[in-house]
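Asks: Protein chains in written order, with numbering that gives the first Met the number 0: chain W, 0 to 593; chain E, 0 to 236.
FYI, nobody ran anything at the bench for these hints, they're computed from the structure.
Just to be clear, a hint being listed does not mean it is correct.
Stated by the list, open to error - Listed next, the in silico EDC-like pairs over lysine to aspartate or glutamate satisfying Cα-Cα at most 20 Å (straight line):
hint, chain 1, residue 1, chain 2, residue 2
1, W, Lys500, W, Glu456
2, W, Lys115, E, Asp185
3, E, Lys45, W, Asp418
What you are looking at is a predicted structure, and each value in this text was computed from that prediction instead of being measured.
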Amino acid sequence: MSALTIPIRKFDAVIVGAGGAGLRAAIQLSEAGLKTAVLSKVFPTRSHTVAAQGGVSASLGNSEEDHWHWHMYDTVKGSDWLGDQDAIEYMCRKAPEAVVELEHFGMPFDRTDEGKIYQRPFGGHMSNFGEKPVRRACAAADRTGHAMLHALYQRNVRANTQFFVEWMALDLIRNAQGQILGVIALEMETGQVVAFHAKATIIATGGAGRIYHSSTNAFINTGDGLGMAARAGIALEDMEFWQFHPTGVAGAGVLITEGVRGEGGILRNSDNERFMERYAPNAKDLASRDVVSRAMVTEINEGRGCGPHKDFVLLDITHLDPATIMKRLPGIRDISIQFAGIDPIKAPIPVVPTCHYMMGGIPTNYHGQVVNADGSVVAGFYAAGEAACASVHGANRLGTNSLLDLLVFGKASGDSVVDAVKKNGAAHQDLPADFAERTLSRLDRLNTQKGGASVDETRLAMQRTMQKHCGVFRFKDMLVEGVAKICEIEQAVHATEIGDKSQTWNTARVEALELDNLIEVAKSTMVSAEARRESRGAHVRDDAPDTPAHPNGRDDEAWLKHSLWHREGSTLSYKPVVLTPLSVETIALKTRAY
Amino acid sequence: MPAHTMQFKIYRYDPDKDSAPYMQDISVEIDTAIDRKLLDVLTKIKAKDDSLSYRRSCREGICGSDAMNINGKNGLACLTEISELKEPVVLRPLPGLPVIRDLIVDMTQFFKQYHSIKPYLINDTPPPERERLQSPEDREELNGLYECILCACCSTSCPSFWWNPDKFVGPAGLLNAYRFIADTRDEATNARLDDLEDPYRLFRCHTIMNCVEVCPKGLNPTKAIGKIKEMMLRRAI
């Protein structure tokens, strides 16, 4: 196939990904009458937003007093001050509206006795600037993501959004001036390759947790948007920051929501001790996720893990009223029975910290526009949700802020696209002559590669390397070695061989193409982590310990800045953190304690 | 490491090279410590033969991708315990829908029926500044309905759907129709009932109840269908 034979379809806008962020953006575009194509590897309701459990944060104050400014404070503190305070203010102020809007779309939230949206406590959610826990997480039992994703899809059905289901976007189209002009995509059912020529492109491809061996993420979470952006010359921001969720089911990796602790669940070690009291005397089990995960690993490393290999801790809700469990945590009970073989009404659940969320991503401002290293906007290019780095999560995300992020910035990116398309008028920019070259050579290579590495084994090698060299605790020597190993694995990725050459629903080809994206994410993570010689949020190194000069190992003088990884030459540059919010005063740097 | 061998018979068909579908015999070394679910085993088979095609994503029973026919009964591979399966384990695509390749079926008809029930909240009253209020009791009515994951296990186990996939909404679509009828915030109850008052769309359900037996989320479409019929009756009196 040559570029001349690729069918070209023209749209005002193309959205890659139909999870929460993509669907929220699509509503804005469809309702504004833009000709929009939404591409998704899976039927929209199968996107991984569906697996979110505990809630979406908004200072509705339905059960007790709350304020967006307190939410903002918690988010900045949670981010270990690496989050941009303009974007964080924007998100927290918009939260109540974003959640109420969803309710109006039909989302079946649980209710308080007065009929308002039910809210539960969550990690790091505090009232009055860090004073005491507050009920801020708006929930639909422990199936909030499922209820949300279906409601968003349903609203798109109402808006007649045009979906391209089971299409995988492969590469961005970028011209010499740096503008993004759409994507090239593969129809999985037929193997056909089509160019989607658009005035605006929104990346909403979600996370990439599959770079790790043990992850709460779905098989589809392979960082496709990040791989595409990196190959098109867009730098990736803050990739060293990955959240390890404290409570993945030991051995299975499946998520157990923080909402379990919000409803009163307690973490215990082999001495049956509620050990979080030692690590976070105030917030205890509801401290920020990075803090809880480190405490758990410390307990395990010091020999107080549970089970025959002393390699997990226990999440105990046996003291809760079974009726509460059945009403508020029914999905968790199912998951425990299915994947741990334990009914949590009767016995505690074995849990371990498990890779869960990518704080970094494609750099954007709070309008969802992708920005270059110098702060200028990349024309025609937008990103939202986990794939984007606005940056509202900084070095550590607060629970429930992911669902909020995708709502607020999905909508903001959609609004930005509607404005831009209306302003710039009808014409599409011309496609460059070589627009399909990179994609076609990737596909050609896969069709003809002989004697190459197996996709499965290469992916496994990458996942094991990430797990071992770039986990909850990081070590200088291991990181240096990790960079070398990942670069070696990268060579194998570029020479993978597939047995299946069929044009019809070729999942082997899809997995090989996904691995091209995963490796960009893995490499950017390892390289950025090796370079950041401080401890901050989820990034904690042995050579940056807690000292009086640098409490928690954080070094604001040297490292209060965002990392930008450039694929070309695998180099890093840095940009300042935005410390000035939109309307309130800066939340001043402080040592983080819970 | 506790290990044993298990026999599988898997439906294979690649239209690019096979003139007809066939059943492939495969024996797999099972490591009971890690191969717990059927999806774990499929992943293992695929690592050796990358041409085996099936859908999968979340691997925890919430996305609805990996529905298939397992020893004659529809279910999700990720929630099916390997130790509970009789050998040889026979895996086929969901029945009643066109097969695209191997265990992958064309779900167009299934989603067409889902879309036909207008699966979105209809309420033309301008919304209040804040959330619409709904009592906990009214919200309770949606339990057992909103949890549907659109995996199609139910509809593709229903003989009425096999016979009339173009005319009968099927259990998944009807369960979702009732999800909106039962929602106190929805104002289109009458229009929804009118739309279903049809010899095929609703009344092809003959309460065979295969749907209830196979639903991996433990939902009860037959009960929802009964409630719709009851409302129609009450409306007629």
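Asks: To test your reading of the hints: which numbers does this structure violate?
Replies: 3
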